[in-house]
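> Sequence:
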Amino acid sequence: MKNIFVGPRVALTVPQPEDFDEISDWYTDGTFVRNLDTLPARPLSGEALEQTYRNLNQDTEFYFHIRALDDDRLLGFVTLFNIDWHNQICQLGLAIGDADDRGHGYGTEALNLMLNYGFNELNLYKVCLDVISTNQAAISVYQNSGFEFEGTNQRAIKRDGQRLDLYSMGLFAEDFQPRIKFN
Numbered sequence: 001m002k003n004i005f006v007g008p009r010v011a012l013t014v015p016q017p018e019d020f021d022e023i024s025d026w027y028t029d030g031t032f033v034r035n036l037d038t039l040p041a042r043p044l045s046g047e048a049l050e051q052t053y054r055n056l057n058q059d060t061e062f063y064f065h066i067r068a069l070d071d072d073r074l075l076g077f078v079t080l081f082n083i084d085w086h087n088q089i090c091q092l093g094l095a096i097g098d099a100d101d102r103g104h105g106y107g108t109e110a111l112n113l114m115l116n117y118g119f120n121e122l123n124l125y126k127v128c129l130d131v132i133s134t135n136q137a138a139i140s141v142y143q144n145s146g147f148e149f150e151g152t153n154q155r156a157i158k159r160d161g162q163r164l165d166l167y168s169m170g171l172f173a174e175d176f177q178p179r180i181k182f183n
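Start counting the sequence shown at 1; every next residue gets the next number (full-length UniProt numbering).
Calculated from the structure, these hints are not laboratory results. Hints are supplied without guarantee of correctness; some may be wrong.
As the list claims (entries may be wrong) - Calculated cross-link-like contacts (lysine-lysine; reagent style PhoX-like; alpha-carbon spacing at most 25 Å): (1) Lys181 - Lys2; (2) Lys126 - Lys2; (3) Lys126 - Lys181.
As the structure is a prediction and not an experimental result, all values here were calculated from the model.
Put together the whole structure using the sequences plus the hints.
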C-alpha cells in the first residue's frame, strides 16, 4: 500500500511544537506574509502560531507541515479548510516559507500530495482557493496542477496604495491528474 503522505522529495507531516518558532521567522518576511493572506501583514510569535494550530476545527480543517525527505527540513505548510462535507467542497492554503526553497518544485509536490489526499482519502468533489493577482509564482503552480480560474474579485486587495485583483481558482476531483509519482 502506498504512503499517501510521501512524495519523491517531500512529506506531509504532523506539526511539531518546535516548528512554530521557525514559521514565526517566515512571518517577518513581508513578501511571504503579504502573498499568503489578504489581511494586513504582521509578525506572529511561534506561541501564537502554535495556539492557532491547536484551535483548528478538527472536523473541517486538515493542516500539515511540509518536510524535505533528504534532511527533514521544514519547508512550509498546506491545509484544506472550510470543508463543507455535505457539498464535498473546501478551500486550500499552501506556503513554502524560506525564499531559497521556492521555485524548486516543493510546493507543486506538496500540493499534489494534498490534492490526492483531499480527493481520494477525504472524498472531496472540489478544492477551491483564492490568490492575489500579483502572486504569479503561486498562480503558475496552481495552473500546472490543474486549477482553473473561476472568477475575479476586482480591486479587492489594497497593497502599497494600489488595488489588486483577487482570483478564485478551483479544481474538480475528476480533473485531478497527479503531477508526481506517489511512493
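> A separate judgement is required for each hint: does it hold in the structure or not?
We went through each hint and held it up to the structure:
1. Lys181 - Lys2: holds, 10 Å
2. Lys126 - Lys2: Given pair Lys126, Lys2 holds - Cα atoms ~23 Å apart, limit 25 Å.
3. Lys126 - Lys181: Measuring from Cα to Cα gives roughly 22 Å; hence the hint holds.
The structure meets every hint from the earlier list without exception.
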